[in-house]
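So the protein lines, in turn, are chains W and U. Letter by letter, the first sequence follows residues 386 to 687 in the numbering used here. Letter by letter, the second sequence follows residues 4 to 311 in the numbering used here.
It should be emphasised that the hints constitute simulated quantities derived from the structure, not laboratory data. A few of these clues could be false.
[Claimed, not checked] With a cut-off of at most 20 Å between alpha-carbon atoms, the simulated SDA-like pairs for lysine to any residue come out as follows:
| # | chain 1 | residue 1 | chain 2 | residue 2 |
| --- | --- | --- | --- | --- |
| 1 | U | Lys-51 | W | Phe-525 |
| 2 | U | Lys-70 | W | Leu-422 |
| 3 | U | Lys-51 | W | Arg-413 |
| 4 | W | Lys-459 | U | Lys-70 |
| 5 | U | Lys-120 | W | Phe-525 |
| 6 | U | Lys-120 | W | Met-537 |
| 7 | W | Lys-459 | U | Phe-152 |
[Unchecked claim] Chain U residues, not near chain W, derived (Cβ > 12 Å throughout):
| # | residue |
| --- | --- |
| 8 | Arg-21 |
| 9 | Lys-70 |
| 10 | His-82 |
| 11 | Trp-91 |
| 12 | Lys-95 |
| 13 | Asp-252 |
| 14 | Thr-304 |
A virtual CB, placed ideally from N, CA and C, is assigned to each residue, including glycine.
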Amino acid sequence: MSTVAEATRTVERPVSRGRWLRRTPLGRFVTKLPFWLLIAAIFIYAIFPFYWAIRSAFTPESELFRTPVDYFPKHPTLANFRGALSTSTFQHALINSTIVAGSVTLLALAIGSLAAYALGRFRFRGRAAVLYLMLSMTIFPQIAILGALYTMITRFHLYDSLLALILSYMIFTLPFTVWVLTSFMRGLPGDLEEAAYVDGATPLQVFYKVLLPLIAPGLVTTGLLAFIAAWNEYLYALSFIQTPDKYTVTLAITTFQGKSGFQQPWGEIMAATVIVTLPLIVATLILQRRILAGLTAGAVKG
Amino acid sequence: MSSVATPAPTSRRRRRSRLQRRQERLAWLLLVPALAVVAFVAIYPLGKTIYQSFTNQEFLAGIEPTKWVGLQNYRDLWHDATFRSSVWETIKFTLITVSFEFVLGMIIALVVNSNFKGRGAMRAAMLVPWAIPTVVAAQMWKWMFDDVFGVINDAGVRLHILHHSVAWISQPSTALASVSAVDIWKTTPFVALLLLAGLQVIPRDLYEAADVDGASKWQQFWRITLPLLRPAILVTLIFRTLDALRVFDVFYVFYGNRPDTQTMASYAQSTIVGDGHVGYGSAISVAIFLIIGLFVVIYVTFMRVTEE
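Excised from the complex, chain U in its bound form:
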């Protein structure tokens, strides 16, 4: 891909034929609609959000004239206890879900990668949680977690795991775990499918050779599977982390704007739309963007370091 796109040296550029120039013009022409849309719905709004974050803009115009306030919003944000707890809540959620999804996804991928009858049905079943909208999945689990009529309490009591019914969602000690359970259920199969795609391109003769050399399956996993799977693992982890950091749907369906269970995204949304503090909310949005960017940088440098 990069070989095609490298700029031609100057001596050759003069010799570019008319046909080539026409092709180039046509290519850009074909790209105009896509670039226009991206500029209009992503790049311009991003710039505008950053600009708004330096103002005291309110949604209901007329309360106060919008004016430039410099870094005031960011200074307020730094001392905002709700924002801090929302960042912490989001990071805890990310750590819990990504690690569970990765470990469970890996186990599932290894199991499904072996030959057994019904493997096709298994794969189909794995796509079911993925196809269910997050909001719908959240509602389904909310009902399963119901403190009186929920199946989780019923099964727990029947199997003597629980002594009595638990108010999973409203009780602060289990709140985060119950939201995480929804995300883990919905996304683990997807993680497994991504890892499975990576597993299937590992050449089989490597394992055969390892068998001949007398390596145990456990050694084969650590010495062959894991190193060769590393690109797939890293990409999966990055995608999942970025997704988890911007989580909104599950939390909102479970808790609305309950202050102790807000994520960064739900705090930004309620500040902008609920309270109409567009300026301050934009600052929260930018902060989220920076935090997510920080994670990307950490991952990318980590990838570079391990590649060397």
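The following block holds chain W by itself, in its conformation from the complex:
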């Protein structure tokens, strides 16, 4: 354990003062103070921008565009939320993003778990090569294939369709899903599988009756990570979608237009950001431990 607090405490100092700092309650408080200030600073740094979005979302427009700035809404209102939710672009965007991110997640999990079954529970030649391929795909820069995807998508008449996004989002969700689920599959003990084989189960039955339930936590975690990645995507959505009715939430949020054209409707934009982000934050906090495990499995073990 090397903590900053302990580090500051052991700095050389006159003996008498050191004893005072260690013995008395006030002294202990003083020595711990920098540490707690640091904690508070980190906490505020992490939270403040989101707090600011929330406070701006609840602040009526008349108070929003006024100096000096209020740090807490004096007359909290839901008007911005109502305004944001009543725009048809934003309504469509919420539905579109749910369709896209949901389909991407299900596809990635279905295809990815089959691949993970093969990579995690079978011995065969070429296994390492496939694993390396998947690993290298996880750091694949999406921009590198934009030119080809753009022409492919127009060729197949998928331009301006959600299907274009669902397919192209597999690039960054599938390899990651395969990689993480493989590590889950590999971690399972072999005896259950053997018992099922002895009872005459086929490999596919073993897969969905024995293994799949066992890696359910892994499916939930990787599913959420894939969902978040698809929900947050911007580059492809910006390049392949044109009609406002087909916008995803990221597109909608960057093109928000107020009723009056001269001022950006920051209150409504912030309300929209809160609506878009809150489900992700809630899900993340509920699944906190598992997400941390999933992220570190994806990154640190690589």
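Got chain W sorted already, so can you dock chain U onto it with the hints?
For chain U alone, kept in the frame of chain W given last:
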């Protein structure tokens, strides 16, 4: 992992049972959908992008018939001032964000690694920036940076750090710093979490032994923590660098296609989609791919060298 996958020697290969062969076939069968998707959405497009980069393809067919132009696009790219400035801008952004994220992330990881009340809440708070979409984070900061009604100007003036409000985003001297601030805010906690995972596997008795030997905390950090954390540090740095080099979202939300604040990725995107120069844009994409590849090679050789 490698032990499982090494090819069996020939003498044994003949003895492979039918069951084993059937298993092998089944495994490949299970991999077919995943490999098909990867081939279709990643490998084929990559090949096609490389091919397109040697042509003068335009999005609006009919302007000019697409033909092979050899290295012409790359020659143009070499003399393209916008491309050069976008590479430079991206590299500056990468250096700024990765170093800030690493130093801040390390401090946060060390703090959170100690025992204190509210550690769970702290970790939860750290996941908040990570869960917020980059585009949304950019919008939130754009509002905070607002030159008239933004909280950053207001707080700065109130605390007497600023004499007057600053147009953070539009002013060229603070433009890069303000985009970097968004990325640093969004990613530092993630870096801290990765480093924290690395810190937690360092055995505690090492520190206890160092305490007994009278080593200061500062010495312990340099002699124990840092060396043992090296694998986690390198992986984190690689991930962050690769991510930063392909940055697009924050810059686009802040500046659109403003020429002096384009990154490599936003220049490629605007060339392909905005201008419809698919051939030239593909050459930019390939160049980005090569530049990122170069960084990977540098990191990997650096890792090899330091391991020896």
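Checked hints:
With a C-alpha separation of about 15 Å, the suggested pair Lys-51 (chain U) and Phe-525 (chain W) falls inside the 20 Å cut-off, and the hint holds. With a C-alpha separation of about 64 Å, the suggested pair Lys-70 (chain U) and Leu-422 (chain W) falls outside the 20 Å cut-off, and the hint is violated. The hinted pair formed by Lys-51 (chain U) and Arg-413 (chain W) fails the criterion: a straight-line CA distance of about 66 Å is larger than 20 Å. About 65 Å separates the Cα atoms of Lys-459 (chain W) and Lys-70 (chain U), which puts this hinted pair outside 20 Å; it is violated.
Simply put, Lys-120 (chain U) and Phe-525 (chain W) have alpha-carbon atoms about 40 Å apart, too far for the 20 Å limit, and the pair is violated. At roughly 55 Å between alpha-carbon atoms, Lys-120 (chain U) and Met-537 (chain W) are farther apart than 20 Å, so this suggested pair is violated. The hinted pair formed by Lys-459 (chain W) and Phe-152 (chain U) meets the criterion: a straight-line CA distance of about 16 Å does not exceed 20 Å. The beta carbon of Arg-21 (chain U) sits about 14 Å from the closest Cβ of chain W, which is more than 12 Å, so the claim that it is off the interface holds.
For Lys-70 (chain U), the shortest C-beta to C-beta distance to chain W comes to about 15 Å, beyond the 12 Å cut-off, and the non-interface label holds. With a closest Cβ-Cβ approach of about 20 Å to chain W, His-82 (chain U) is found to remain outside the 12 Å limit, as its non-interface label requires. Taking the minimum C-beta to C-beta distance to chain W, about 17 Å, the non-interface status of Trp-91 (chain U) holds against the 12 Å cut. Every CB of chain W lies more than 12 Å from the CB of Lys-95 (chain U), the least distance being 18 Å, so the non-interface label holds.
Its closest Cβ contact with chain W, about 5 Å, brings Asp-252 (chain U) to no more than 12 Å, contrary to its assignment away from the interface. For Thr-304 (chain U), the condition that its CB be more than 12 Å from all CB atoms of chain W holds, with the nearest at approximately 17 Å.
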